[in-house]
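Chain order of the listed sequences is A and B.
For the first sequence, counting from 1, position 53 maps to 53 in my numbering; every step adds exactly one.
Numbers given in my numbering equal positions in the second sequence, counted from 1, plus 116.
Treat the hints as calculated values from the structure; they're not laboratory data.
Certain hints may be false.
Stated by the list, open to error - Pair ranges (Cβ atoms, derived):
| hint | chain 1 | residue 1 | chain 2 | residue 2 | range |
| --- | --- | --- | --- | --- | --- |
| 1 | A | K15 | B | K172 | 37 to 43 Å |
| 2 | A | T76 | B | A169 | 38 to 44 Å |
| 3 | A | D63 | B | E131 | 46 to 52 Å |
| 4 | A | L116 | B | D170 | 47 to 53 Å |
| 5 | B | S224 | A | P8 | 29 to 35 Å |
| 6 | A | S27 | B | S174 | 49 to 55 Å |
| 7 | A | A55 | B | T187 | 38 to 44 Å |
| 8 | B | S174 | A | K17 | 24 to 30 Å |
All residues carry an ideal CB built from backbone N, CA and C; glycine is no exception.
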Amino acid sequence: GAGVSQTPSNKVTEKGKYVELRCDPISGHTALYWYRQSLGQGPEFLIYFQGTGAADDSGLPNDRFFAVRPEGSVSTLKIQRTERGDSAMYLCASSHLAAYSYNEQFFGPGTRLTVL
Amino acid sequence: GDSVTQMEGPVTLSEEAFLTINCTYTATGYPSLFWYVQYPGEGLQLLLKATKADDKGSNKGFEATYRKETTSFHLEKGSVQVSDSAVYFCALSGSQGNLIFGKGTKLSVKP
């Protein structure tokens, strides 16, 4: 079946602009995670959804970052007033169940965001 | 907070050499441990996992054993191939099932 998809694959924007990054999880997966990966680093957790609600948003760096998942499937990560330091690969992952530490997370290919 | 430390790369080996990538962790509770791999041009994918102490995860000739006494989860393979060239990430599970990753180790295998 289809894996996790993310669009766009690349996004170039100017400092101060607003961007939206989209994630389509695997059908039926209730848990959805966003991570950010800077060059040469491992992915860092941003936010976790269980169904429609954000169960843990403790990884969001500041209030310019926001994410939604209104119907419990597709999720959108929104970044306001982008800064050059926001440049990174943004990864989305989904899993069948949440709050069980051994459930495999399936990752999308990522969106590479570049803020000029 | 919980964290993962893995050996820094890059690691360059000849084909059929033995591979070890060290990984140690700090965590409260009893997390599950994972190795993820990122092949060139591809997304992250799970390589192997272990959910409790003394468990051994294995896949594609790779192995790692969950060592609670040394808080380690070292990745090993007896004979690497060129196709194993990739970036390897050690990770542990957070309280919400989120993953906490190390910085990654780039492996290059030469023919």
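Now the hints, each set against the structure:
Between K15 (chain A) and K172 (chain B) the beta carbons are some 49 Å apart, a value that contradicts the proposed interval 37 to 43 Å. In this structure the hint that T76 (chain A) and A169 (chain B) lie 38 to 44 Å apart at CB holds, the actual value being about 40 Å. Hint check: D63 (chain A) to E131 (chain B), Cβ distance near 50 Å, so the stated range 46 to 52 Å holds. Evaluation of the 47 to 53 Å hint for L116 (chain A) and D170 (chain B) yields a pass: the beta carbon distance comes to about 51 Å.
About 30 Å separates the C-beta atoms of S224 (chain B) and P8 (chain A), a value consistent with the hinted range of 29 to 35 Å. For S27 (chain A) and S174 (chain B), the hinted distance range of 49 to 55 Å is not satisfied, since their beta carbons lie about 29 Å from each other. Here the CB-CB span from A55 (chain A) to T187 (chain B) is close to 27 Å, at odds with the stated 38 to 44 Å. At roughly 47 Å, the beta-carbon separation of S174 (chain B) and K17 (chain A) lies outside the given 24 to 30 Å, and the hint is violated.
Consistency note: the structure conflicts with the earlier hints numbered 1, 6, 7 and 8.
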